[in-house]
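Undergrad: Following the hints, put chain B in place on chain A, whose structure we already have.
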Amino acid sequence: MRSWFSWSRWLGIVAKEFIQLSRDRLTFGMIIGIPVIQLTLFGYAINSDPKHLPTALVIAEHSEFSRSILASLANSDYFTLVGEAPDERAAARMLATGAVQFVVTIPPDFSRRLIRGERPALLVEADATDPSATGNAIAALNQLAQSALAHDLTGPLAPLAAQPGAFEVRIHPLYNPEAVTQYNIVPGLMGVILTMTMVMMTGLAITRERERGTMENLLATPATALEVMTGKIVPYVLIGLTQVTIILILARLLFGVPMVGSLALLYGAVLLFIAANLTLGLTFSSLARNQLQAMQMTFFFFLPSMLLSGFMFPFRGMPGWAQAIGEVLPLTHFLRIVRGILLKGNGMAEVMHEAWPLLLFMLVVMLLGLRTFRSTLD
Amino acid sequence: MTTTVGADANVVIDVRGLNKFFGRNHVVNDLSLTVRRGEIFGFLGPNGSGKTTSIRMLCGLLTPDSGEGSCLGFNILREAAEIKRSVGYMTQRFSFWEDLTIRENLNFIARMYGMKNARASVDETLDNLGLTSRAKQLAGALSGGWKQRLALAACLLHDPQLLLLDEPTAGVDPKARRDFWEELHALAARGVTVLVSTHYMDEAERCHKLGYILNGRLLAQGTAGDVIASQALTTWSVTGTQLPALAQRLRSLAAVEQVAAFGTALHVTGSDRARLRTELAPLMAEPGLTWTEVEPGLEDVFIHLMRDAGEAPLGGPRP
Numbered sequence: 001m002r003s004w005f006s007w008s009r010w011l012g013i014v015a016k017e018f019i020q021l022s023r024d025r026l027t028f029g030m031i032i033g034i035p036v037i038q039l040t041l042f043g044y045a046i047n048s049d050p051k052h053l054p055t056a057l058v059i060a061e062h063s064e065f066s067r068s069i070l071a072s073l074a075n076s077d078y079f080t081l082v083g084e085a086p087d088e089r090a091a092a093r094m095l096a097t098g099a100v101q102f103v104v105t106i107p108p109d110f111s112r113r114l115i116r117g118e119r120p121a122l123l124v125e126a127d128a129t130d131p132s133a134t135g136n137a138i139a140a141l142n143q144l145a146q147s148a149l150a151h152d153l154t155g156p157l158a159p160l161a162a163q164p165g166a167f168e169v170r171i172h173p174l175y176n177p178e179a180v181t182q183y184n185i186v187p188g189l190m191g192v193i194l195t196m197t198m199v200m201m202t203g204l205a206i207t208r209e210r211e212r213g214t215m216e217n218l219l220a221t222p223a224t225a226l227e228v229m230t231g232k233i234v235p236y237v238l239i240g241l242t243q244v245t246i247i248l249i250l251a252r253l254l255f256g257v258p259m260v261g262s263l264a265l266l267y268g269a270v271l272l273f274i275a276a277n278l279t280l281g282l283t284f285s286s287l288a289r290n291q292l293q294a295m296q297m298t299f300f301f302f303l304p305s306m307l308l309s310g311f312m313f314p315f316r317g318m319p320g321w322a323q324a325i326g327e328v329l330p331l332t333h334f335l336r337i338v339r340g341i342l343l344k345g346n347g348m349a350e351v352m353h354e355a356w357p358l359l360l361f362m363l364v365v366m367l368l369g370l371r372t373f374r375s376t377l378d
Numbered sequence: 001m002t003t004t005v006g007a008d009a010n011v012v013i014d015v016r017g018l019n020k021f022f023g024r025n026h027v028v029n030d031l032s033l034t035v036r037r038g039e040i041f042g043f044l045g046p047n048g049s050g051k052t053t054s055i056r057m058l059c060g061l062l063t064p065d066s067g068e069g070s071c072l073g074f075n076i077l078r079e080a081a082e083i084k085r086s087v088g089y090m091t092q093r094f095s096f097w098e099d100l101t102i103r104e105n106l107n108f109i110a111r112m113y114g115m116k117n118a119r120a121s122v123d124e125t126l127d128n129l130g131l132t133s134r135a136k137q138l139a140g141a142l143s144g145g146w147k148q149r150l151a152l153a154a155c156l157l158h159d160p161q162l163l164l165l166d167e168p169t170a171g172v173d174p175k176a177r178r179d180f181w182e183e184l185h186a187l188a189a190r191g192v193t194v195l196v197s198t199h200y201m202d203e204a205e206r207c208h209k210l211g212y213i214l215n216g217r218l219l220a221q222g223t224a225g226d227v228i229a230s231q232a233l234t235t236w237s238v239t240g241t242q243l244p245a246l247a248q249r250l251r252s253l254a255a256v257e258q259v260a261a262f263g264t265a266l267h268v269t270g271s272d273r274a275r276l277r278t279e280l281a282p283l284m285a286e287p288g289l290t291w292t293e294v295e296p297g298l299e300d301v302f303i304h305l306m307r308d309a310g311e312a313p314l315g316g317p318r319p
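Just so you know, the sequences run in chain order A and B.
Taking our numbering, the leading residue of the first sequence gets 1, the next gets one more, and so forth.
Taking our numbering, the leading residue of the second sequence gets 1, the next gets one more, and so forth.
Bound-form chain A, shown alone (with noise of 0.2 Å):
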């Protein structure tokens, strides 16, 4: 019995591994912040049920009915008017942009029409790349067009009131008619498989020579620094492209993902998030002593990429605090731009819009890196 267990060798083996465990402090940090961030950010910021979506709002008659609508609108807690578009082609653009959800539009003659029974449309317009972040809200639109006007159709206008109601709510899902999630899920995956990859890759890529003491060797010739980062990076952004074009084949052949958008523009694009993580990872192989904290800071990164960027929750769901750390990211604006490119043809004035967080990102980052940088090649 002794001979093949033994408790004290058994606790040696144990006390031997806190021991290592408590010399790693990053290790230890993870032990300790995985569920501490786990818990916040499925606690408390993520809500699949999002509210207050912003809506711009298109009228062309002024009238106490759209009056009583808009005010039921904003009493929803689904909708939070922005504002009033000039025209209908600016609240396209606002679509687009993503600057808001909805567009309400009251078409003219719009209370004329309801007076006289003829039932008319109220069109909604909805940004449904996400079909999760719209569907609640539709829903609801759908019980405001019973109750809106309770107050209002009163008197001989109260057989209104009956059913179907005075007027018909028409929504326009746009970009994702069919509320096909794969269709916002494919593209973001992009993203997602991107930050994973070409993040810990390089990370590791340089780690891993450092810890071997290969990197030594290398500096000892007279390759210089920059040569050996950029020739380091240069492999990994191939990879990069790569990724992308399998996963835009496989989304055309097995789901059928719309690309309205400019392919080349897409690649642009591509380009610049691999730069901003190629960038990260660098910086987390300058501070990373071996190959695991290289992985952990990459894991560190990665989880909030997933949840907070708007990939797997709807990004508006999320409470303020939690936005402004979504906003931060790479995927974040990253997934705004392919979803935008592909599910809603954006062109270059909607891209940029979301590609200079992306090099401000990159540039701080960078100026990071070269700050540990210097003390490391010393």
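Bear in mind the hints are in silico, worked out from the structure with no lab data behind them.
Where a beta carbon is used, it is the ideal one built from N, C-alpha and C, also for glycine.
It cannot be assumed that every hint is accurate.
[Stated by the list, open to error] Pair by pair, the computed Cβ-Cβ distance ranges are:
| id | chain 1 | residue 1 | chain 2 | residue 2 | range |
| --- | --- | --- | --- | --- | --- |
| 1 | A | S6 | B | G225 | 53 to 61 Å |
| 2 | B | G225 | A | F18 | 52 to 60 Å |
| 3 | B | E124 | A | P35 | 53 to 61 Å |
| 4 | B | H199 | A | S6 | 36 to 44 Å |
| 5 | B | N25 | A | D24 | 19 to 27 Å |
TA: This is chain B only, laid out in the frame that chain A set:
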């Protein structure tokens, strides 16, 4: 002391007052060193004494915090790039790519030095190593001795003027070590300068000149004879019976600094010749013991230097 290299073209390494700190650790303390063309200079000292850091400063991998000097006529502070081009540096640990083949490793190094006749040089190197038939094997699959030979060959690929070797023979068998040193001497004969750090006394004796570094300070330098003579030690060798008991008694004597067993003999060393003789006199009168005065060895000198400097550190910083 030379102030410019032009004064003596045969001086390959000429540095003065090099200092390096890692945090609060004074790793290299006022290192001054002169090594001439074709010399094999042995760099000795306990672990963590600053040997690796010194070598890294000489080849431009680290910038000294203070001090000045030149390596191959290039300023070590400003011309690191030029130094790197004509120096071969072999790291303490095998630092080639284990997941590349032997040929790929050599090709890569050849490209890093921008060699024009890379292919021919690599072929020749493989041939000299006797590795032509194994060129497609992964470097990681080589045994320790072969890895060391490959590393040296890779360092020599670009025909460096100066070789900096950091404990190149650690963990290598005696035959491979001897071959290695034969090659170093052949290189030195062709005018290549070699600075090599080692822990082995037999290797130290093969060097033309030695430097002994401890706690970042160069305590002694010169030929092996110079270094030994500089400390003026007296060593007695005693053979006989019951040596372990004798060793105990010897250690209690004030003039005895070291008692070390060498096979069937004890070596008794002290720096005060006359006092040692007086204290040993009663023991010399005892029967069954044979006493002879011998030349102190390098090891005796180094251990004496370590004792002088107080207890040596077990391990210094390894950046």
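Undergrad: Indicate, hint by hint, whether the structure satisfies it.
TA: Hint-by-hint comparison with the structure:
1. In this structure the supplied range 53 to 61 Å holds for S6 (chain A) paired with G225 (chain B), their Cβ-Cβ distance being about 57 Å.
2. Distance hint for G225 (chain B) and F18 (chain A): a CB-CB separation of about 54 Å, consistent with the stated range 52 to 60 Å.
3. The given range of 53 to 61 Å is respected by E124 (chain B) and P35 (chain A), whose C-beta atoms sit roughly 60 Å from each other.
4. The supplied range of 36 to 44 Å is met by H199 (chain B) and S6 (chain A), whose beta-carbon atoms lie about 38 Å from each other.
5. At about 22 Å, the CB distance of N25 (chain B) to D24 (chain A) agrees with the hint of 19 to 27 Å.
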